[in-house]
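Novice: Next come the chains, spelled out residue by residue.
There are 4 protein chains.
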Amino acid sequence: MTVDLAALSTAVREAVAECRERVAALHAELPRNQLVVWTAGNVSERVPGADLFVIKPSGVSYDELDAATMVVCDLGGNKIEDGTAERLQPSSDTAAHAYVYRHMPEVGGVVHTHSTYATAWAARGEPVPCVLTMMADEFGGDIPVGPFALIGDDSIGRGIVETLRESRSPAVLMRNHGPFTVGRDARAAVKAAVMCEEVARTVHIARQLGEPTPIPAADVDALFARYQQVYGQRGER
Amino acid sequence: MTVDLAALSTAVREAVAECRERVAALHAELPRNQLVVWTAGNVSERVPGADLFVIKPSGVSYDELDAATMVVCDLGGNKIEDGTAERLQPSSDTAAHAYVYRHMPEVGGVVHTHSTYATAWAARGEPVPCVLTMMADEFGGDIPVGPFALIGDDSIGRGIVETLRESRSPAVLMRNHGPFTVGRDARAAVKAAVMCEEVARTVHIARQLGEPTPIPAADVDALFARYQQVYGQRGER
Amino acid sequence: MTVDLAALSTAVREAVAECRERVAALHAELPRNQLVVWTAGNVSERVPGADLFVIKPSGVSYDELDAATMVVCDLGGNKIEDGTAERLQPSSDTAAHAYVYRHMPEVGGVVHTHSTYATAWAARGEPVPCVLTMMADEFGGDIPVGPFALIGDDSIGRGIVETLRESRSPAVLMRNHGPFTVGRDARAAVKAAVMCEEVARTVHIARQLGEPTPIPAADVDALFARYQQVYGQRGER
Amino acid sequence: MTVDLAALSTAVREAVAECRERVAALHAELPRNQLVVWTAGNVSERVPGADLFVIKPSGVSYDELDAATMVVCDLGGNKIEDGTAERLQPSSDTAAHAYVYRHMPEVGGVVHTHSTYATAWAARGEPVPCVLTMMADEFGGDIPVGPFALIGDDSIGRGIVETLRESRSPAVLMRNHGPFTVGRDARAAVKAAVMCEEVARTVHIARQLGEPTPIPAADVDALFARYQQVYGQRGER
Numbered sequence: 007m008t009v010d011l012a013a014l015s016t017a018v019r020e021a022v023a024e025c026r027e028r029v030a031a032l033h034a035e036l037p038r039n040q041l042v043v044w045t046a047g048n049v050s051e052r053v054p055g056a057d058l059f060v061i062k063p064s065g066v067s068y069d070e071l072d073a074a075t076m077v078v079c080d081l082g083g084n085k086i087e088d089g090t091a092e093r094l095q096p097s098s099d100t101a102a103h104a105y106v107y108r109h110m111p112e113v114g115g116v117v118h119t120h121s122t123y124a125t126a127w128a129a130r131g132e133p134v135p136c137v138l139t140m141m142a143d144e145f146g147g148d149i150p151v152g153p154f155a156l157i158g159d160d161s162i163g164r165g166i167v168e169t170l171r172e173s174r175s176p177a178v179l180m181r182n183h184g185p186f187t188v189g190r191d192a193r194a195a196v197k198a199a200v201m202c203e204e205v206a207r208t209v210h211i212a213r214q215l216g217e218p219t220p221i222p223a224a225d226v227d228a229l230f231a232r233y234q235q236v237y238g239q240r241g242e243r
Numbered sequence: 007m008t009v010d011l012a013a014l015s016t017a018v019r020e021a022v023a024e025c026r027e028r029v030a031a032l033h034a035e036l037p038r039n040q041l042v043v044w045t046a047g048n049v050s051e052r053v054p055g056a057d058l059f060v061i062k063p064s065g066v067s068y069d070e071l072d073a074a075t076m077v078v079c080d081l082g083g084n085k086i087e088d089g090t091a092e093r094l095q096p097s098s099d100t101a102a103h104a105y106v107y108r109h110m111p112e113v114g115g116v117v118h119t120h121s122t123y124a125t126a127w128a129a130r131g132e133p134v135p136c137v138l139t140m141m142a143d144e145f146g147g148d149i150p151v152g153p154f155a156l157i158g159d160d161s162i163g164r165g166i167v168e169t170l171r172e173s174r175s176p177a178v179l180m181r182n183h184g185p186f187t188v189g190r191d192a193r194a195a196v197k198a199a200v201m202c203e204e205v206a207r208t209v210h211i212a213r214q215l216g217e218p219t220p221i222p223a224a225d226v227d228a229l230f231a232r233y234q235q236v237y238g239q240r241g242e243r
Numbered sequence: 007m008t009v010d011l012a013a014l015s016t017a018v019r020e021a022v023a024e025c026r027e028r029v030a031a032l033h034a035e036l037p038r039n040q041l042v043v044w045t046a047g048n049v050s051e052r053v054p055g056a057d058l059f060v061i062k063p064s065g066v067s068y069d070e071l072d073a074a075t076m077v078v079c080d081l082g083g084n085k086i087e088d089g090t091a092e093r094l095q096p097s098s099d100t101a102a103h104a105y106v107y108r109h110m111p112e113v114g115g116v117v118h119t120h121s122t123y124a125t126a127w128a129a130r131g132e133p134v135p136c137v138l139t140m141m142a143d144e145f146g147g148d149i150p151v152g153p154f155a156l157i158g159d160d161s162i163g164r165g166i167v168e169t170l171r172e173s174r175s176p177a178v179l180m181r182n183h184g185p186f187t188v189g190r191d192a193r194a195a196v197k198a199a200v201m202c203e204e205v206a207r208t209v210h211i212a213r214q215l216g217e218p219t220p221i222p223a224a225d226v227d228a229l230f231a232r233y234q235q236v237y238g239q240r241g242e243r
Numbered sequence: 007m008t009v010d011l012a013a014l015s016t017a018v019r020e021a022v023a024e025c026r027e028r029v030a031a032l033h034a035e036l037p038r039n040q041l042v043v044w045t046a047g048n049v050s051e052r053v054p055g056a057d058l059f060v061i062k063p064s065g066v067s068y069d070e071l072d073a074a075t076m077v078v079c080d081l082g083g084n085k086i087e088d089g090t091a092e093r094l095q096p097s098s099d100t101a102a103h104a105y106v107y108r109h110m111p112e113v114g115g116v117v118h119t120h121s122t123y124a125t126a127w128a129a130r131g132e133p134v135p136c137v138l139t140m141m142a143d144e145f146g147g148d149i150p151v152g153p154f155a156l157i158g159d160d161s162i163g164r165g166i167v168e169t170l171r172e173s174r175s176p177a178v179l180m181r182n183h184g185p186f187t188v189g190r191d192a193r194a195a196v197k198a199a200v201m202c203e204e205v206a207r208t209v210h211i212a213r214q215l216g217e218p219t220p221i222p223a224a225d226v227d228a229l230f231a232r233y234q235q236v237y238g239q240r241g242e243r
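Chains as they are written, first to last, in my numbering: chain A, 7 to 243; chain B, 7 to 243; chain C, 7 to 243; chain D, 7 to 243.
Hints listed in this document are in silico derivations from the structure and should not be mistaken for laboratory results.
All residues carry an ideal CB built from backbone N, CA and C; glycine is no exception.
Check the hints yourself; a few may be wrong.
Here are some of the chain B residues that sit facing chain D, going by a computed Cβ distance under 8 Å [to be verified]:
| no. | residue |
| --- | --- |
| 1 | 125 |
| 2 | 129 |
| 3 | 183 |
| 4 | 213 |
Derived DEER-like restraints, expressed as beta-carbon distance ranges [unchecked claim]:
| no. | chain 1 | residue 1 | chain 2 | residue 2 | range |
| --- | --- | --- | --- | --- | --- |
| 5 | D | 220 | A | 110 | 48 to 56 Å |
| 6 | C | 70 | A | 55 | 24 to 32 Å |
| 7 | A | 31 | C | 40 | 18 to 26 Å |
| 8 | A | 232 | B | 112 | 55 to 63 Å |
| 9 | A | 174 | B | 220 | 28 to 36 Å |
| 10 | D | 220 | C | 40 | 31 to 39 Å |
| 11 | B | 55 | A | 172 | 57 to 65 Å |
| 12 | B | 108 | A | 31 | 41 to 49 Å |
What the simulated footprint calls covered on chain B by chain A, stretch by stretch (three residues with Cβ under 8 Å from a Cβ of chain A suffice, anywhere in the stretch; the number is not a length) [said to hold, decoys possible]:
| no. | stretch |
| --- | --- |
| 13 | 134-148 |
| 14 | 194-202 |
| 15 | 214-221 |
Isolated chain A, as found in the complex (with noise of 0.2 Å):
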């Protein structure tokens, strides 16, 4: 049964058309921070008061995409009826997305690239290591591996939320394949992401010409417990 957006209340159907917005707009932060090439990664959010998230056309490159091209889901991964973009498909990694919402309520937003650095990690699946204080505030540890698994089915997504689980990391690097990471909203999540590639290129760079200095798990939970609360002003990050 698909969901119709036409019979759901106004207040879902703002809060839809506001999500739009701010999906399309994050996507231009993929390419500007060199995340992505082409058309390959995608940022989904969970529509506030909804079981519904809106998530990336598939195929369709960065400088096409507005508000209008977005594409409604609900949490089945199933496209809804809403008559904006019936033409488009979402994502094919759409059932990732979908997965983790339905299992990390927590969970509002959703990004998924093949940053190059990350997925060199990924490819040798291996997790990057915390030597950055950096690494320590925003992950909390290492940025784990996920399994391999094979698109069209739950496999992507169950692997997802089974490392993310066992981690403070809001990313994981799911083998031979690249990043997803999650965040409370779907700006949260691209940070997430931009932060990933980082620390996976400068630990990377600081492990070509020798072993990089750890830093001991005490300091960091410490940095972690402190960046959590106190960065940014008033609770936002």
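Starting from the known structure of chain A, fit chains B, C and D onto it as the hints suggest.
Specialist: Showing chains B, C and D alone in chain A's frame:
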């Protein structure tokens, strides 16, 4: 005997004009995706319904290209008389493009660059191994290496065609030279050039700190089959 | 006791206003020179003729910065009351900047980034060796490494000052953290941050394929002395 | 004895004015092609029909350069009196440029940068081996290394000239310093600087994972001869 555009049908002349527009616009993707420096890369497209193709003029910078500066050639690689751009010679790689169009009727677009990471693999004469899901999607396996060939006759074109015929990959790394990519049209060949550089770079970086995990051949096949069928909007890729 | 800007002289208030303009404008150099991602770097400048400095607000993106959003602090690192930006908290690195201004009266500007290559050397706790003439010019020798220090008290500031006092370098790589640079004003500190990343990157790349040739100490001294005296226009650098 | 521009013929003054325009515009290619940071690179061009050349002022950022800020020098490297830019001193590398113009009459343009990969080879004192067809085309062989030389007399200029005389390459890597390139005019020298960095980077990356395949000397000769004769439009390169 040189073809004269004025002697061709109105339909062909219109097809040529549209093809000039597309090819000129697609050249902007080469510097934008950091595949080229100075004037060192070119795009061509077969004119639908005619034994002609449109290609970049030689030695002209990307800023100065527009539809009028594109050069029209027959499948022998000879510039045809068309009035519009008579002062400009076609790319010095024109013979290689022409050979591909003569021997691969399914190909509608060809791109040549010296993009850095792809060319680095070509300098070692080493194929890029298929260790990423996005590589399985796009290339269906390793990106193969073609022979060393001097410019000036059909050696480069023959090397491209013979190598591509033994592979599912739309990209070939010509030894000590650089990548050539093909597609059903110029846009698809440009996408293949962008993805070729991206996976060449990612696998290079993965290999710098160890060995990437291989993807089983059956999984490569499954990913390739799925991607070729379902990605994008209504058959677009 | 918090300082109130309104209680200060007109001359100081004008100096603060000009300083806000300079510091806001210089923040644009951080992303432009690829020294930062997201909000992870900051510039400050001592207000001429006052025991105050101007610094970036915490967690605000570079696009949103202007003179009005800059935060004014006393040399204890406390935000002063100035009406203009009362909702914004200063950078979480403010205590480190303040410590430098208190203990190095010759310093008029401080910059902190996590620029990739400099941070990679910091992660290994390894100084950048002086093997380039432009390094001799700007840094007068190796770029030194400072101690590992947690944020939250004077540890970072003290580590910066103690390390810089034993060196001619205007840059220090704080272990597992990133570079801090100083200058007679904010512009000079930004230049040092740009040059620090550039030489960290170039020497890294040189070292990847072998050992760079050292420059004899007497030549380093001669280059440094000459550059500090004669480069640029009439005493500007 | 200082030359005074006002005492020269109208034809020379017009040639100077045109040369100022060209050299100012070409400086934009340095940051655009990522060959420089801050103010660390310079372009000069011999004034046709006069024993003069036009060069960048010292320590001025690329954004602030225009025809009026360019500095005119005689072949001794002395700034001439020309009214237009009397407050600005020429680049600190002016003596090296002047030496090249005095000793290589066929050279009409000189470029100096510290571009990253070329400088990395220079730091190890290692020539870039000719393992790419585009290197054979442009450089006709390896890019050679010149001696270590201090700034302040003719040492750098002499090192450039002596090294270039034994090579077909328009680029030389001055040890621990960086590349200098020459051309028949400033544009050709800028092209050589761009290509020098590109091949230095590509061969570096190729070497990171193994040994590139050499190109036989006879093939290098054939490629160089062909490219110097036929590339581009009507003798332009």
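Novice: Each hint should be assessed against the structure and marked as holding or not.
Specialist: Evaluated hints:
1. 125: holds (5 Å)
2. 129: Result: holds, 4 Å to nearest chain D Cβ.
3. 183: holds (5 Å)
4. 213: Hint on residue 213 (chain B): holds, closest Cβ of chain D at ~6 Å, below 8 Å.
5. D:220 to A:110: 48 to 56 Å: holds (55 Å)
6. C:70 to A:55: 24 to 32 Å: holds (28 Å)
7. A:31 to C:40: 18 to 26 Å: Holds - the Cβ-Cβ distance for residue 31 (chain A) and residue 40 (chain C), about 23 Å, lies within 18 to 26 Å.
8. A:232 to B:112: 55 to 63 Å: holds (60 Å)
9. A:174 to B:220: 28 to 36 Å: holds (31 Å)
10. D:220 to C:40: 31 to 39 Å: holds (35 Å)
11. B:55 to A:172: 57 to 65 Å: Given about 59 Å between the Cβ atoms, the range holds.
12. B:108 to A:31: 41 to 49 Å: Holds, since residue 108 (chain B) and residue 31 (chain A) (Cβ atoms, about 47 Å apart) stay within the stated range.
13. 134-148: holds (count 4)
14. 194-202: Answer holds; 3 residues pass the 8 Å Cβ test.
15. 214-221: holds (count 7)
Hint check: no violations occur; every hint is consistent with the structure.
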